[in-house]
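S.K.: Residues per chain are reported as follows:
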Amino acid sequence: DTGVSQNPRHKITKRGQNVTFRCDPISEHNRLYWYRQTLGQGPEFLTYFQNEAQLEKSRLLSDRFSAERPKGSFSTLEIQRTEQGDSAMYLCASSRLTWNEQFFGPGTRLTVL
Amino acid sequence: DQQVKQNSPSLSVQEGRISILNCDYTNSMFDYFLWYKKYPAEGPTFLISISSIKDKNEDGRFTVFLNKSAKHLSLHIVPSQPGDSAVYFCAASRSGGGADGLTFGKGTHLIIQP
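So the sequence lines, in the order shown, correspond to chains R and E. Take the first sequence: its letters are residues 1 to 113, numbered as in my numbering. Take the second sequence: its letters are residues 1001 to 1114, numbered as in my numbering.
Simulated from the structure, these hints should not be mistaken for lab results. There's no promise every hint is true.
Said to hold, decoys possible - So the derived label-pair ranges between C-beta atoms look like this: (1) R:9 <-> E:1079: 26 to 36 Å; (2) R:41 <-> E:1012: 19 to 29 Å; (3) E:1078 <-> R:70: 45 to 55 Å; (4) R:16 <-> E:1057: 13 to 23 Å; (5) E:1055 <-> R:17: 47 to 57 Å.
No experiment lies behind these values; they were computed from the predicted model shown. Note that the Cβ used here is the ideal one computed from N, Cα and C, for glycine as well.
Put together the whole structure using the sequences plus the hints.
M.R.: Here you go:
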C-alpha cells in the first residue's frame, strides 16, 4: 500500500522540549499539507507545500513551528519549546496538482506533559 | 468564527435506513466541498466531493447535495450499514485548483443501530 505514512504515531514529551514529526506522502502527489486536530474539533490547516516550496501558512503556525520539504518528497514538522497547548493529533495529507481531494495519513498524536 | 458548521454532534440511525448528515457554510468564496469519514485512531478517509457548479454527486450508497443559495450541503447514505458508524467531517475549499488548506466542520458522529 502506498498511502500517506506518518512517524512516529505517538510522541510524549515534556514541556519545553523540541519534537519533530515526519510525513511521507503518496509518491506521485505534488502537494503536501499539515493539519492539527484537537478533541471535539475538525482538522485545522497549518501549512502546505507544492513540491519543495512552502506556499501557505496559517496564522495558527506560530514562530515555534517550522515545516520543511527539502526535496519535494517527505516533509518534517518541528515544534520548538513545546507547550501543553500543543498537545493534539498532527495530520499530514497529500494531493495531486489538479485535484481537490486530499488523502490523509494516520496522524501523530503529541502529548506534552 | 466557524466558516463550516456541522450542527449535529451525533446522529443515530437504524441499519438499512437513510442517514442524512448536514453541513452549512458561511464563506461564499468556497467552491468545492468534500466529505471525510474518520474512525478512532485513524486519519480522515475521503468519501465524496462536489464542485459548486453541480448540485448533486453520487457514488454508490453515498450522495452529496449542494444548495448554493442556502449555503448548505448534505450527505445521504442509503442504506446505512454498521460499518458506516464513524465521525463524518464536512470540508470546504476556496480554490478550484485545490491549492489551499481545507476548512473543516467539527464533525458528526454517526451511529448505526442494528
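S.K.: Are the hints correct? Go through all of them and say.
M.R.: Cross-check of the supplied hints:
1. As the Cβ distance of residue 9 of chain R to residue 1079 of chain E is approximately 34 Å, the hint placing it in 26 to 36 Å holds.
2. Range check, residue 41 of chain R to residue 1012 of chain E: Cβ separation about 22 Å, and the 19 to 29 Å hint holds.
3. Roughly 47 Å separates the CB atoms of residue 1078 of chain E and residue 70 of chain R, a value that falls within the hinted 45 to 55 Å.
4. A hinted range of 13 to 23 Å is violated for the C-beta pair residue 16 of chain R and residue 1057 of chain E, which are about 48 Å apart.
5. A C-beta distance of roughly 50 Å is found between residue 1055 of chain E and residue 17 of chain R, which places it inside the suggested range of 47 to 57 Å.
Against the hints set out earlier in the document, a violation occurs for number 4 only.
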